[in-house]
Amino acid sequence: MTEPATANPIPKDPIPEDTVQATLAYQIGNDRPTDDPMLQAIQEEVGQDFAPPESLLSTNFTTETYQENEVFRCINLTKSYGHGISYTEVIKGINFNVLEGEYIVIYGPSGSGKSTLLHLLAGLEVPTRGDIYVRNHPIHRLNDEELTYYHREEVGLVFQNFNLLESLSVWENVSFPLMLAGAPREWRQHEALKMLERFGLADFATHLPSQLSGGQQQRVALARALIHDPEILLIDEPTGNLDSHSANIVIHEIDRLHKQEKRTIILVTHSQVFLPFATRVFYIRDGTLLTSNEPSRLNST
Amino acid sequence: MNQVASIRPSDLISLAWSALKRNRLRSLLTVGAIAVGIAVMMYLISLGLGLERLTLDSVAQSSSLLSITVKSGSDQLQPLNQDAFHKIKAIPKVKEVLPQLTLKGVLSLDNQKTNATIVGVDPDYLQVGSSTPLLAGRYFQPQDAQTMLVTPGFLKLFGLDTSKNPLVIFNVVIQQENNLPDISGSNLDSISVSGIVNASGVAVYMPRQYLEQILGANRPNYDNFIVTVGSLNDVQPVSDALIANGFKISKVIDTVDQIEKVFFWIRAVLAGLGGIAVVVATIGMFNTLTISLLERTREIGIMKALGVKRTDIRRLFLTESVLMGLLGGGIGILTALFAQQLTIFVLALLASLVQGNVPVLFDNQWTLIVGFILFAILISGLTGIFPAQRASRINPIEAIRYE
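Taken in order, these protein sequences are the chains called G and W.
Numbers 0 to 300, taken from numbering that gives the first Met the number 0, label the letters of the first sequence in order.
Numbers 0 to 402, taken from numbering that gives the first Met the number 0, label the letters of the second sequence in order.
Hints are not guaranteed to be accurate.
What follows is a set of in silico ranges between Cβ atoms, one per label pair, in the way DEER data are often shown [stated by the list, open to error]: (1) W/Val-268 - G/Asn-142: 49 to 57 Å; (2) W/Leu-293 - G/Asn-142: 26 to 34 Å; (3) G/Asn-75 - W/Val-278: 54 to 62 Å; (4) G/Glu-67 - W/Ser-5: 28 to 36 Å; (5) G/Trp-186 - W/Ala-347: 56 to 64 Å; (6) G/Glu-196 - W/Phe-344: 55 to 63 Å; (7) W/Leu-377 - G/Trp-186: 31 to 39 Å; (8) G/Ser-212 - W/Ile-343: 55 to 63 Å; (9) W/Leu-360 - G/Asn-142: 53 to 61 Å; (10) W/Val-268 - G/Trp-186: 54 to 62 Å; (11) G/Asp-242 - W/Ile-12: 33 to 41 Å; (12) W/Leu-373 - G/Trp-186: 31 to 39 Å; (13) G/Glu-196 - W/Leu-373: 42 to 50 Å; (14) W/Ser-9 - G/Glu-196: 24 to 32 Å.
Calculated directly from the structure, the hints in this document are not laboratory data.
Just so it is clear, the structure is predicted and the values come from calculations on it, not from any experiment.
By construction, the Cβ of each residue, glycine as well, lies at the ideal position given by its N, Cα and C atoms.
Please model the entire structure based on the sequences and the hints provided.
This is the structure we're talking about:
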């Protein structure tokens, strides 16, 4: 047996101590074999003091058939790039499902394939092999119209580098998804202002994204992802480009979206600060998943 | 899954507009290139049209289009005498036959004398047939005697003012050339001037019937007839009948046809030159759109990820290029109009030095303006198709990675 159960992991991430301590103040299990190669690999990444939750090393697959409360189901999901000598497999046959109301954090070092996994779930990339189902619809086989519908109605995307449209004002960015649906301008503006109000950005509605700070831009991106009230939120490294104060605001806003609004959230990060908020953590390394089977904290939150 | 809605056209235009505004310099350069192309083309074509109209105006009035000139010549089978006059008059659809009698004579005022061509015509000949406008005074009546119309050139020889009808009386001596019956010494005293006509050379115009009266049997053959018809459709059958009767003819309408033919080619050459400018502008625009596409790959990726349809991406890019074409066309037309005014102004300055007039050089028909706007929309639309197609095919994830 190694470390005491109460040990706080010492982060390698350049995140201020207080933030980490505030967000990581939870108990993690310690009943696992220390010689497990995957655990060793993770500890190599995040520090020896880190011990993953109890159920971490069990199988990550609940069922291969559709169940009512299932949002995503991935079967033997594989993504590779290139041919011949340049062939690289980024995602290596991953299996998992995500249920309604879960907050999944896909956690892993850079280059582990975590962003690719998120893009696959977002329907922005097509798997080389395997299947992805969203509510039992195979998104890798949707046509342009259906995929467009998925992006407009079902899912909200937040990117690491905000990805706001530079030529549009803040409120126009936020209400962009509504414009696609053909909503009248006045109504769009009204909805956008309501959403910006919620994120404390109402005063910046007519600014251009380039006139905002990184934290503000990420909140605008969150507002945009939420304006069409999607059931699923896919978030890529939301605090990667933010200072600790801005990061804190974003972290808690996402937590609120999960706890209060009961949205299904899948968040990709290499930072430990999100781990305490997750119902399940998927550890990803070299394209392979290591997940907790049970949505263990789902009921406790 | 449901049918997905498309972006509203008004939103499409405002999206395209904000994209153009964001790359202000590049958009302006592209719009400028199109504007220059359209302006050059429009300037040249309206100049071609204007020159053609000026030429036609000087050749033909609408009344002269309805006339056929029967000319005399050495190879003439039929001399232009009284017989010929009646023969032509008898041809169906002929409205009037206006003969012209040409003589030589000496005109004197006090001690001054000059040789001049004496032309005997009916007033209709001047008014309808050969469109010789009156500068001052009035035309004479067919039955008038002892009166004549003169040319400015004639008045100048006597040092008289050419702008108002001179109240002077000439003596005229008719001299017959050639070996026709001798009528030398036919003195016509006290011929007053009734008006000045705008014709070149030193000539006077006198009532034909009066001259024929004086000359009697010594009258020579007519120089030519102007045959008028009632409508344009009658020109061809009457011409055919005249030729069949052995007359040699010429028609103003033929000249008009020739002028139109020549100017068609002049216009084609001018349009070709302008077309080169437009082609250069189009290539520039194509280049701009393609480069702008590379720069905006990420933006397009974001839009796709947010649920913009492929067709909407294509429509957005097409809207942008058509918007630029429309702006370029509009600015080009305004530029051309301005350049025309500038040309006229400069020419007017030059003309004022030599006390001349500047004719209306340019012909801007509204169909031409509308045509150029449509043309600008068409070429910008065509230019936009390929980049728009490429934009719609962009893989969103490649685009989002693209930094």
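Hint check results:
1. W/Val-268 - G/Asn-142: 49 to 57 Å: holds, 52 Å
2. W/Leu-293 - G/Asn-142: 26 to 34 Å: Since W/Leu-293 and G/Asn-142 have Cβ atoms about 27 Å apart, the given range 26 to 34 Å holds.
3. G/Asn-75 - W/Val-278: 54 to 62 Å: holds, 55 Å
4. G/Glu-67 - W/Ser-5: 28 to 36 Å: Given a distance of about 34 Å, which is inside 28 to 36 Å, the answer is holds.
5. G/Trp-186 - W/Ala-347: 56 to 64 Å: holds, 58 Å
6. G/Glu-196 - W/Phe-344: 55 to 63 Å: At roughly 60 Å between Cβ atoms, W/Phe-344 and G/Glu-196 fall inside 55 to 63 Å, so the hint holds.
7. W/Leu-377 - G/Trp-186: 31 to 39 Å: This hint holds: roughly 36 Å between Cβ atoms.
8. G/Ser-212 - W/Ile-343: 55 to 63 Å: holds, 58 Å
9. W/Leu-360 - G/Asn-142: 53 to 61 Å: With Cβ atoms ~60 Å apart, the hint holds.
10. W/Val-268 - G/Trp-186: 54 to 62 Å: holds, 57 Å
11. G/Asp-242 - W/Ile-12: 33 to 41 Å: holds, 39 Å
12. W/Leu-373 - G/Trp-186: 31 to 39 Å: Holds - the Cβ-Cβ distance for W/Leu-373 and G/Trp-186, about 36 Å, lies within 31 to 39 Å.
13. G/Glu-196 - W/Leu-373: 42 to 50 Å: holds, 47 Å
14. W/Ser-9 - G/Glu-196: 24 to 32 Å: At 26 Å between Cβs, range holds.
When the structure is compared with the earlier hints, no violation turns up for any of them.
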